[in-house]
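Enquirer: Protein chains in written order, with the working numbering: chain F, 1 to 95; chain X, 96 to 383.
Since the hints were derived computationally from the structure, they do not count as laboratory data.
No incorrect hints appear here.
Listed next, with one range per pair, are the computed distances between beta-carbon atoms:
{"no.": "1", "chain 1": "X", "residue 1": "Leu366", "chain 2": "F", "residue 2": "Trp12", "range": "22 to 28 Å"}
{"no.": "2", "chain 1": "F", "residue 1": "Ala34", "chain 2": "X", "residue 2": "Phe362", "range": "29 to 35 Å"}
{"no.": "3", "chain 1": "X", "residue 1": "Glu159", "chain 2": "F", "residue 2": "Val73", "range": "20 to 26 Å"}
Ideal Cβ positions, reconstructed from N, Cα and C, are used throughout, including at glycine.
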Amino acid sequence: MNFDLTWMAWTWPTAAFFTTILLLLCGMAVWEYASPGGNPRVGILRFETTRGDRLFLSLLGSAFIHLAWLGLVGSNLWWALALSVVYAIGVFRYV
Amino acid sequence: MDKTWNNKAWFLVLPVLVLVAFSAVIPLMTVVNYSVQDTFGNNVFFWAGTEWFEELLSSRRFWEAMARNLIFSFIILAIEVPLGIFIALNMPKKGWGVPVCLVLMALPLLIPWNVVGTIWQVFGRNDIGLLGYYVNALGIDFNYVQDPFDAWVIIIVMDVWHWTSLVVLLCYAGLVSIPDAFYQAAKIDGASRWAVFRYIQLPKMQRVLLIAVLLRFMDSFMIYTEPFVVTGGGPGNSTTFLSIDLVKTALGQFDLGPAAAMSLVYFLIILLLSWVFYTVMTNYDAER
Chain F
1 MNFDLTWMAW
11 TWPTAAFFTT
21 ILLLLCGMAV
31 WEYASPGGNP
41 RVGILRFETT
51 RGDRLFLSLL
61 GSAFIHLAWL
71 GLVGSNLWWA
81 LALSVVYAIG
91 VFRYV
Chain X
96 MDKTWNNKAW
106 FLVLPVLVLV
116 AFSAVIPLMT
126 VVNYSVQDTF
136 GNNVFFWAGT
146 EWFEELLSSR
156 RFWEAMARNL
166 IFSFIILAIE
176 VPLGIFIALN
186 MPKKGWGVPV
196 CLVLMALPLL
206 IPWNVVGTIW
216 QVFGRNDIGL
226 LGYYVNALGI
236 DFNYVQDPFD
246 AWVIIIVMDV
256 WHWTSLVVLL
266 CYAGLVSIPD
276 AFYQAAKIDG
286 ASRWAVFRYI
296 QLPKMQRVLL
306 IAVLLRFMDS
316 FMIYTEPFVV
326 TGGGPGNSTT
336 FLSIDLVKTA
346 LGQFDLGPAA
356 AMSLVYFLII
366 LLLSWVFYTV
376 MTNYDAER
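My request is simple: use the sequences and hints to build the entire structure.
Expert: Written out as structure tokens, the structure is:
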């Protein structure tokens, strides 16, 4: 069998991006195994969220932070990444 | 007694995961890969970084298509929801009229989207179309091929014709689930027709209305087939919505990088809306 994936046009940065997402999901699975139930709680959004919801919100929010940075500031995304990490910590702590 | 947690049940989800991987995840990964590269064909790609995203976010064409999408969604919601409630309130609740009305209401929903587009494309033409011909005969200059306002009118009327039935059926389901005891109590209290609607029917329809509004918003935000068939995005770009613009960029101009960047931004917006939809629904259920 020929597993030619050139049609997917892989690059190292995009591969690293998806590997990070995969590692995050694996980390969440391990966390769930160690502490089952998803740690549901009611945060500042005033409805119940689990760890999975908080990860989803973190990733979605980070995507919009990066887009807003690209549109409003410029192409240097390191500060957008730092802002996204702070945002994700905030989400996991308060949402 | 402690609840038993058994994560082995997750294995039952594996077949779905495999299906989703092939139908959604792998194509999405490919789109992400395209969005940071440029190509002139022959499967040869050049690194472009965030260039397509920057170009997209500063593109007037993109924001205009987005604005058109939002205006379209707002207009059709403002028409379809009140109209749907009105029709549902006036539909018969018992007797032979019920199945007749339900079938009539369901008919537009059963017609494929491209057929709906074709019907209205012909129907609205001022030379051979019934609607276009008679509107012009009344002295109103109606030509959706040349006039942007007329193009919007035909697309909005088509969407209202196609999708108001969904709102009607959802509202009707909410209305028939109200027990007679509520109406009897209102009658004893001498409640007016408006009071019955405001304090009995509307609260009981709240959940289905929520579903209707969110479904119609998401559907209208992703609309493609009908306006593409009727106007092709024209005249000019007056009815070019995000999805039409995306297809023009990807297949018309074969600009895969910019199209991939646009589809990712579009995907993120839809993902956000889906999350809002899911959260509102699940929290509404939890509150009840």
